[in-house]
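Colleague: Listed below are the residues making up each chain.
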Amino acid sequence: MSSDEFLKLEKIKKAFQLNNGEEYVAVVDVNLNIKKNEIISIIGHSGCGKSTLLNMIAGLDVQTDGNISLEKKEIKGPGPERAVVFQNHSLLPWLTVYQNIEMAVKKVMPELGPKELRERIDKFVNMVNLEVAKDKYPGEISGGMKQRVGIARALAIKPKVLLMDEPFGALDSLTRANLQEHLMRIQQSVQNTVIIITHDIDEAVLLSDKVIMMTNGPEATIGEILEVNLPRPRNRVALQNNKEYIRCREAILSFLYEKFAKDDE
Amino acid sequence: MNKEVIKKILLPFFVFLMLIQIWSIIAINVEDFPTPSDTYVAAFGGVNGEGDDVIGVLSDPFYIENQDDKGVFWQILASLERVFGGFALAILVGVPVGLLIGMSRTAQYALEPFIHILKPVSPLAWLPLLLFIFRDINLTAISTIFITSIWPIIINTSLGVRSVNEDYLNVAKVLRFTSFEKIMQIILPVAVPSIFAGMRLSLGTAWLVIVAAEMLTGGIGIGFWIWDEYNNLNYHNIIIGIIIVGLVGFLLDILMEKLANFFDYRKKI
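Just so you know, the protein sequences line up as chains W and E, in that order. Each step along the first sequence adds one to the number in my numbering, with nothing skipped, and position 101 is 101. Positions in the second sequence are counted from 1; adding 1000 to them yields my numbering.
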């Protein structure tokens, strides 16, 4: 299988039926090819349908028209090979950090014996540096830690694609930076295909190989695709004066605030 | 001891003294109304106001004279057995029905009107019908408890199910949970506090109902005992009965609260 036929979106359209009988077209004519192990950001103003797009890839939402396929297989409904990290972490509050990951791994990998199961969970708890919080409940740990558990839970079920819906949107900027570092470090060790929904320009440039810029809704679609040609590992401080980094930032800025400015946010 | 604790002990004590005072005034003015001291003697034994030596109903609550003459303990036990019988049945039927109504719009639209119509029906209205069907005191009492205490369980269970966060259900979808796994691992843990709130209401209702039901069915039970004592002109025992019913109801409520907290994940953290 060629690596450029991994996750494919063809002529995706999503329309909602409004109460007055009219149709609201959220996204239309979205075509996208995502290669294996690529990190993609989808950026756009609120209401551009970027979360809808992610939900359709996850299978939690169904497109009105068009096809989505993963490794040439059409996507029908949600599944663990497309793990989702939700914006508000969605950890089960009655389970500890360890149990939250355990629940997912047990279901997706029922063949694991008790020892292998424990080792796998520990591996991913360690990957996000949460050994100390292993037996704590979500209510007892910080927002950043919860999001790390969410990432560990998603990665532990060995997905083909990791879908992140504004994963750090609800966090303060220092915690967000910290989590971005975590994500980059993890990505170095376990290669994965990642799609990140974001509205943070620096986050998009720092994390991704490609930035997908969406036009405004209704009838939003892909406006531009920006390739970020920065070597990895990336360092956020060193990048501040990097020409390529500045070029990418400016390209996104001009797209969002000149070509597709939206003033009533 | 801090001030708050002293207040919590002293204030109820003063109110208690006031209630005794009001009771005494009523006893003086109403003919044959038992005085507080006579009632105390009737409960715990001793010499009453007329100089008679009395064996209190609570000094030997465990006696069994014959099938129709048993101590207060056995009366309470008989009532509790019926309450728990009906209550257990109400849980067994009510929780699954509540789950169904909470999870399926179809079931909700089909069943909800009947729940709203049957819920406000007094247990005393059911009693003659059930007595006619079962022609048995115990079955009638248990089924009356069942039919009046099932509604809060159904309603609260369905409310609990509907309060499940959409995100948790999305997690279940991504992991491809079966319906059974979804119920056991996501819906029940979320709904349990609400289910227990319903069960607590139910048990309270059941305990209210049993006293009334037993007055009509007769035989044995604390409700019947109170009615029997009225017929025997033992008015002080009616007051003792009321206090016993209140205390047992209070204990049941505390028990349910402890149980509810034990199963409520939010109280563990």
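Careful, some of the hints might be misleading.
Dumping the calculated DSSO-like pairs for lysine-lysine here, alpha-carbon to alpha-carbon at most 30 Å [claimed, not checked]: (1) W:76 to W:35; (2) W:11 to E:1173; (3) W:106 to E:1182; (4) W:107 to E:1007; (5) E:1182 to E:1007; (6) W:123 to E:1182.
Honestly, the hints are just simulated from the structure, not real lab data. If you're wondering where the values come from, they're calculated on a predicted model, not measured in any experiment.
Colleague: Hint by hint, say whether it matches the structure.
Modeller: Comparing the hints with the structure gives:
no. : hint             : result
1   : W:76 to W:35     : holds (20 Å)
2   : W:11 to E:1173   : holds (25 Å)
3   : W:106 to E:1182  : holds (14 Å)
4   : W:107 to E:1007  : violated (55 Å)
5   : E:1182 to E:1007 : violated (49 Å)
6   : W:123 to E:1182  : holds (26 Å)
Of the hints listed earlier, those the structure fails to meet are numbers 4, 5, in rising order.
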